[in-house]
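Note that the protein sequences, when read in sequence, are chains A and B.
For what it's worth, the working numbering labels the leading residue of the first sequence as 141, then goes sequentially.
For what it's worth, the working numbering labels the leading residue of the second sequence as 535, then goes sequentially.
To be clear, the hints were calculated from the coordinates, so they are not data collected in a lab.
Incorrect hints may have been included.
Some but not every residue of chain A turned toward chain B, in silico, with C-beta under 7 Å [stated by the list, open to error]:
(1) 172
(2) 181
(3) 189
Using N, Cα and C, we set each Cβ at its ideal position, and we do this for glycine too.
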Amino acid sequence: MIRKYVDVICLNDKGGNVKPLFLIWDDDRKVPIKKVKEICPRASLKVGGSGLRYTCVFEPNRIRHLYYDRGKWYVEMNDHVV
Amino acid sequence: MKRTILHCDLNCFFASVEMLYHPEYRNIPMAVGGDRKNRHGIILAKNVPAKEKGIKTAETIVDALKKCPELIIVDPDYASYEYFSEKVRSLYYEYTDRIEPFGIDECWLDITESISYFGSVEKIVNDLLRRVKEEIGLTLSIGVSFSKTFAKLGSDLAKEDCSYYIDSLDEIGNIPVGRFLFVGPSSVSILNAYGIFTIRQLADTPAERLEKIMGKSGKTLHRYANGIDDDCVSLFGSSYDPAKSISNCITSSRDLRDLDDVKIVLTAISQNIASRLRESGSYYHTVHLFVRDNKLKVRTFQKRLKENSDLGKDIYNNALILFETHCDFRIPYRSIGVAVTGLSENKDAFQTSFFENSSYSLKERKQETAIMEIRRRFGRNSIDLLRAYEDDTLSKTVLKNTVSHTERQDRPK
């Protein structure tokens with residue numbers, strides 16, 4: 141597993157909350173985030189790093205973790221996918 | 535009322551932060567080391583595989599590589615260490631507002647008032663261990679006791695990611711006296727010479743006798759060894775005690791071989807200290823000089839001034855006098871440091887006499903203030919004394935190590 145930094149389009153709401161809406165993949169594909177199930181501070185033991193962990197539901201009902209660490213977003217990925 | 539104090543120590547902190555972002559280092563010997571080019575090449579922290587290979591903190595990188603040639607040396611990233619240190623402290627703050635830092639990776643927490651709210655000491659301790667590991671990705675050792683010194687000893691005795699409870703002196707009586715806080719190697723040899731080998735023996739020795747052996751610190755040690763420690767854990771974010779000294783030490787990129795080299799270093803150091811003095815609005819009374827030769831032998835000297843001052847010029851002149859009086863160049867010097875102590879917020883009144891005038895010059899002060907203001911606005915390198923530039927390579931490392939906080943916004947040339 142590796143840590144892969146990604147571009148993310150977010151909504152900064154009036155209450156100061158940050159909600160990720162789309163994840164932009166390397167080929168400029170916009171992947172919509174259907175729902176954020178949970179936000180909690182967590183370290184990623186698989187790929188390293190520590191920050192806010194967003195548990196996101198992507199189409200079609202796939203749950204993945206998106207981490208926000210000091211201004212950058214990253215996901216955990218299998219080496220062979222990259 | 536018996537207090538409950540925790541001492542939380544982040545395990546091999548610098549190395550753990552590096553491993554957090556580089557999981558590939560977890561199972562191979564890795565250490566965080568200083569800058570070898572500028573001869574700051576010592577091990578600052580190491581991970582468990584490196585520890586198993588016999589690598590020790592503060593040994594030189596050269597020695598460490600001899601023991602373990604496959605050792606990976608990582609450059610320190612202080613911004614990250616400060617970030618994680620703050621993050622862990624914010625987590626502590628959820629449990630108590632009495633948090634006193636002891637270095638970047640250690641803190642005392644007084645949880646006496648929080649126990650009834652959270653349920654029990656064990657619950658708080660286990661929560662802290664779990665949350666720091668899960669949420670931040672680092673591990674803690676926690677010492678739990680009724681005094682700060684015993685809590686610190688507890689965290690030293692605790693294994694990684696574990697806690698250690700000390701409820702009475704009996705539990706730690708047989709531990710060697712050298713493990714105790716404030717007992718360093720030279721104190722150990724003195725105490726051992728008087729037949730004091732364990733903490734129990736230290737506690738049983740009368741305070742007067744310890745005072746005779748150890749000086750002022752003897753009485754304090756006696757109180758601490760008996761668990762008598764009234765020091766309260768200070769409030770989180772409360773202002774720190776005012777500084778007792780301001781110092782700056784430089785290990786130069788090459789050995790200092792003559793007085794000109796020393797002058798370059800002293801110029802930079804004295805300006806740095808003067809700038810920090812001005813920021814804190816303090817005046818100093820005593821100048822200390824510290825020299826380490828290239829055989830690593832350290833010597834210190836001090837001089838008390840007739841009247842206190844906040845001038846860089848006085849620091850420079852007095853440090854140079856100390857150097858010229860006590861040092862020669864039979865062995866070249868590796869590091870030079872200067873400290874000023876006897877700090878006060880007010881300028882002493884000085885009684886001038888027929889033969890003696892005050893050496894404190896308002897003109898000099900105005901000049902130094904102008905230099906500091908220029909540096910604050912335009913960067914550290916925007917203005918300097920010519921003598922700081924007499925040797926290019928030396929000046930570069932020296933200037934790099936003597937930038938004060940208000941001068942950090944250096945503009946690129």
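Status of each hint after checking the structure:
no.	hint	in the structure
1	172	violated, 28 Å
2	181	holds, 4 Å
3	189	holds, 6 Å
Consistency note: the structure conflicts with earlier hint 1 alone.
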